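Chains as they are written, first to last, in the working numbering: chain Y, 1 to 345; chain V, 1 to 345; chain W, 1 to 345; chain F, 1 to 345.
Because the hints were derived from the structure by calculation, they are not lab data.
Heads up, some of the hints might be wrong.
You can't tell identical chains apart in this list, so a pair holds if it fits in one copy or across any two.
Okay, derived cross-link-like pairs now, SDA-like style, lysine to any residue, Cα gap no bigger than 25 Å in a straight line [claimed, not checked]: (1) Lys339 to Gly124; (2) Lys339 to Leu78; (3) Lys339 to Leu134; (4) Lys339 to Pro11.
Small disclaimer: the values here were computed from a predicted structure and weren't measured.
There are 4 protein chains.
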Amino acid sequence: MASEATQRFAPSSPRVAVAGATGFAGALAAELLWRHPGFELAGVTGRSEVGRTLQELYPRYRVPLRIAELDPEELEGLDAAVVAYPHAAAAPTVGMLLERGLRVVDLSADFRLRSLASYERWYGTHPRPELLELAAYGLPELHREAIAGAAIVANPGCYPTASVLALAPLARAGLIADVVIDAKQGISGAGRAFDETTHLSMAGENILPYKVAAHRHTPEIEEQLAYLDPSRPDVRVQFQATLVPLDQGEQAACYVTPTRPVGEQELAELYSGAYDAEPFVEVAASPPGTREVLATNFCRIFAAADSHTGKVLVFSSIDNLWKGTSSQAVQNLNLMFGKPETDGL
Amino acid sequence: MASEATQRFAPSSPRVAVAGATGFAGALAAELLWRHPGFELAGVTGRSEVGRTLQELYPRYRVPLRIAELDPEELEGLDAAVVAYPHAAAAPTVGMLLERGLRVVDLSADFRLRSLASYERWYGTHPRPELLELAAYGLPELHREAIAGAAIVANPGCYPTASVLALAPLARAGLIADVVIDAKQGISGAGRAFDETTHLSMAGENILPYKVAAHRHTPEIEEQLAYLDPSRPDVRVQFQATLVPLDQGEQAACYVTPTRPVGEQELAELYSGAYDAEPFVEVAASPPGTREVLATNFCRIFAAADSHTGKVLVFSSIDNLWKGTSSQAVQNLNLMFGKPETDGL
Amino acid sequence: MASEATQRFAPSSPRVAVAGATGFAGALAAELLWRHPGFELAGVTGRSEVGRTLQELYPRYRVPLRIAELDPEELEGLDAAVVAYPHAAAAPTVGMLLERGLRVVDLSADFRLRSLASYERWYGTHPRPELLELAAYGLPELHREAIAGAAIVANPGCYPTASVLALAPLARAGLIADVVIDAKQGISGAGRAFDETTHLSMAGENILPYKVAAHRHTPEIEEQLAYLDPSRPDVRVQFQATLVPLDQGEQAACYVTPTRPVGEQELAELYSGAYDAEPFVEVAASPPGTREVLATNFCRIFAAADSHTGKVLVFSSIDNLWKGTSSQAVQNLNLMFGKPETDGL
Amino acid sequence: MASEATQRFAPSSPRVAVAGATGFAGALAAELLWRHPGFELAGVTGRSEVGRTLQELYPRYRVPLRIAELDPEELEGLDAAVVAYPHAAAAPTVGMLLERGLRVVDLSADFRLRSLASYERWYGTHPRPELLELAAYGLPELHREAIAGAAIVANPGCYPTASVLALAPLARAGLIADVVIDAKQGISGAGRAFDETTHLSMAGENILPYKVAAHRHTPEIEEQLAYLDPSRPDVRVQFQATLVPLDQGEQAACYVTPTRPVGEQELAELYSGAYDAEPFVEVAASPPGTREVLATNFCRIFAAADSHTGKVLVFSSIDNLWKGTSSQAVQNLNLMFGKPETDGL
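Chain Y on its own, in the form it takes in the complex (with noise of 0.2 Å):
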């Protein structure tokens, strides 16, 4: 076959790089920037399998451009980078990104955290807290405007996208007096590791909860709770993650105890009011199989009154590695390039 390999955009888009291509975040960004009409996919890059194509790497991504050592000198002419490196090693990356004039979208925990000790009791030492205040949130649903202008997009994580978003119309309205999030999430969500957690004969027939009272999403679910709902600065979040089989998909289930009796009408209102202007939430009639977002940047909600307890329950699915993490980094930039939201996507 003749390798594809030229990519179709518009002229006088803005050239993106992905750096840390190898990995599966980073390799669906670029996918995804190559299949965009308005970005020109520049350059991938990562410290491994330099030389490769990404396609070779990942044969169904159609990636023709070849794996590089991401070369501080190389950066002319480019716009914007996705950088998709484990916490810590992020931040000095994207400080020198910045300084050579680029936009980043961070696929990172780095920029996710208002608060610098908060970073601090959950990552350690923060190698560029000086940057913090550049950072917008990348939850578009939350904070389009930011986004938009922001130099840095903190590109939220998978468990706080499906969190946040299917408790933002109560937290909005005030309503919540407590909550258990227990999120299911596929096996993708460890990435490229190689350990007992991702063989299949150990991750297959498993239902295998992890760190259990002490993960790391619980503070960025709990800022944007207290962003949204001033009155509760210190509200306290019951996160739980749990690997079941399957390659992607994520399912966050809120268990609400709301401040006052909420009813299934009260509840319609809150959401529709929230979600029907969004291009990419949609609220269900009935819980939404994480199947129904597969390999799609939707977010599908589904909330219910308990009349039983009193309880509110809400039901947020999307896929961890679109929605969760690489379409939801296009969508950032499409606000960032003032670009339709929904391009590419």
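Assemble chains V, W and F onto chain Y, guided by the hints.
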């Protein structure tokens, strides 16, 4: 191969039949009894597949007996039966078997609830309410003595098995102020149903909550918790079940708001005290994946206190077809006939 | 969310309907046409689910059109249809559509075989044999020109697609003396059938050969090989299909006894010559896993000579629902309406 | 729970150790011996995880013994060992054990091939070639008597087990002119390797042929076929293995070109004659899914004549970890120590 046509069992072993042996639960009960050194599997019945051997239907189960229709005239000499019928269909058959002198382990919901009102709210009219008083709730870890002497043993639902074992030490200590149970289960929990919930191309790559705010296992769990903590007869449990794409395996994640602060040390003592002498409940040192109990009668439990929220988290894993159903039925039969509880398991 | 109620397509695009859009194949064809910039998806029909939107049935497919019954009176202005009916049911509908001026891509077996005798041996009486001469065999890599001008394009079976693409270079060179094809396929190949072959607790952890020595795709493969190598009109193919527990993916392993010794160099040239200019067939450097073509219209092929046995081995991977069925239908529509073959794919 | 610290076995049972108990094969061998009424599991060794119990590593296996390093000084009183090492690493240990008076079932390839030349072509230098003459090939259905008296029993590879059992009746009758074996296997066949072939997000939704035209199990199969049909000492087998996304299960599909026409009746008699008296081989009436033998020591075989091509097709299913490896080792131990062949299985 010469069909393994004869079962090895001790002389004068009780003779047990399985009624409804063509479904997943009945077939496994038959297989476990066939392998059991202390029971004679005297017959297998079904409303379909009559005349075929059970092995033809489930080749990996080595039971060469032919499926017959249940004939009340041919029960002479039987000591017990496992009844694997749907609810409402079970009770009349259980009654008939009792009248012919058999003791019964019933896998349906018909005799699980002490409260007739509760049964009728969830399941409709009870076909044989007068038999309720003859039934013991077949969770050996809670009702060992009652089971030993009962005419009917109501085998618990799989969700209540995992949930009640997880919560019993806390309930008995009066520590449960509020509880959310998020339970995940593999597809075998849906039985031989052929529909969207079991089709591999629909159930695979899916995480699907079902029966939101309306699961029939809720009253069963509440009855047992009220039994364990008589001071809270009206305990309300938030129970939610979710299907995940595996075959056999079930996990209950319980999020407990305690009536007073509980620390790790007290938790460890509560669970150790409750289960150290139990042959089939293990207190684990980390969250137990369901694979750890695959194809066993074990329940593995991990409890932790979350200092961030003050909640107590308990994770309980079973194999829904084994401890959740069929091997628990054998454990109950062992108790009913004075055999060591672990025999054949 | 505001339902994405309008499709974007170029003005005066051909208008295409999908008949039988409720099954896996028809639904995906509709989704691909909906996303296609050069066709208007003008309607979706089904014999069940009438009145629901396709999106309600397959939420991850974003097609908001409502399923209607196929009404011959409402075909005015349509240019083409994809017919996704079972064999024998398809031909009468295809005939009716032709009479109303539509061109048709038929996904059934009704027009795949040139030989009526062969059809009737495998499928029974043909409902509209007089239409056979209007049909082209819809494997673009072999019949591009015929497809472009045909009234009916018989979309190949998924197994013949993978098998014939694998074997074509050898057949054309007269190199196939004998061939065994061992094809594996995921469960989506069984469609929305609800039975033992699709239940996750039965199809999972299973490897299941089916239709031993009697697969209907055999004559289709043999006809194409005879077309490619007219010197062997009576070629006999040993074809066997096996279900394996995944959703989408298919692989044909072909074991060829060559008519004369064939070396690696000659093999490489044969395959490179056949496929270097093909947009959707790739010659791989190692055996292609089906995941490499998941959700794409690509076929990836690897050929090797075994010096130990003298045989030639060819492995060919496709996504059975895409290149095996629905995206190949779109590729055919592109050819039929003079569009670039890769548009929308 | 009180750890089930004592094993039940008959007095003066042979004492057996498992060397290399931390991998999938060794761990299952240990579990099966632990449950066995006629052997004492006297120790489990490993080169990693020393000091942990086997149960900690594999909780569903109930073996409370601690993993120790293999100490030649502590073998006093042992009767036998199962050695689960990689090839080349196994032979020196086997030799050492023999010198201390133990009999050995070796799970590696080191003693499977009678021909040293063949071994060295596929595996390199043999560490202890002088021991080859002490070894019997551990396929009980073919070498029962030799196994009973051997010092070393070379447990067959899983592919040869399925393949040779499938082909033996035809080979013995001199009917195999040519044969293609297409074998599929679940991911547990790769063992505890952590890499691209076992990661659920890579191995899932995949069908992956490997070691094309170069599988080490080929000479093992050929040696056994030559043994069965001495008239064809140079038989060449086309063997190909493919990974499919399940855990345990393996199937060999054998496509035989017979030396003369063979009909269904003759086939039925050949297979019935060969296996009716075998306790662990079953002739099935239809192609056996691997699920039919999951977690059993059975091999199920279906043979059919294809009148279209004249070929004979044989499908053979085993559980690769059981009959393919660890339970077959127990079957061999039963034979070596004069126990009923089915004990503990």
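Inset, instruction - Have a look at lysine 339 and leucine 78 and pick one of within, between, both or neither, based on CA distance no larger than 25 Å. - result: within (17 Å within a copy, 34 Å between copies)
Legend entry - Alpha-carbon proximity context of lysine 339 and proline 11, limit 25 Å: both (14 Å within a copy, 23 Å between copies)
Inset, instruction - Measure nothing new, just compare the shortest in-copy and cross-copy C-alpha distances for lysine 339 and glycine 124 to 25 Å and report within, between, both or neither. - result: neither (36 Å within a copy, 56 Å between copies)
Legend entry - Identical-chain pair category, lysine 339 with leucine 134, by Cα at 25 Å: This pair counts as within: shortest intra-copy Cα distance 21 Å, inter-copy 47 Å.
The structure fails to meet hint 1 from the earlier list, while all remaining hints are met.
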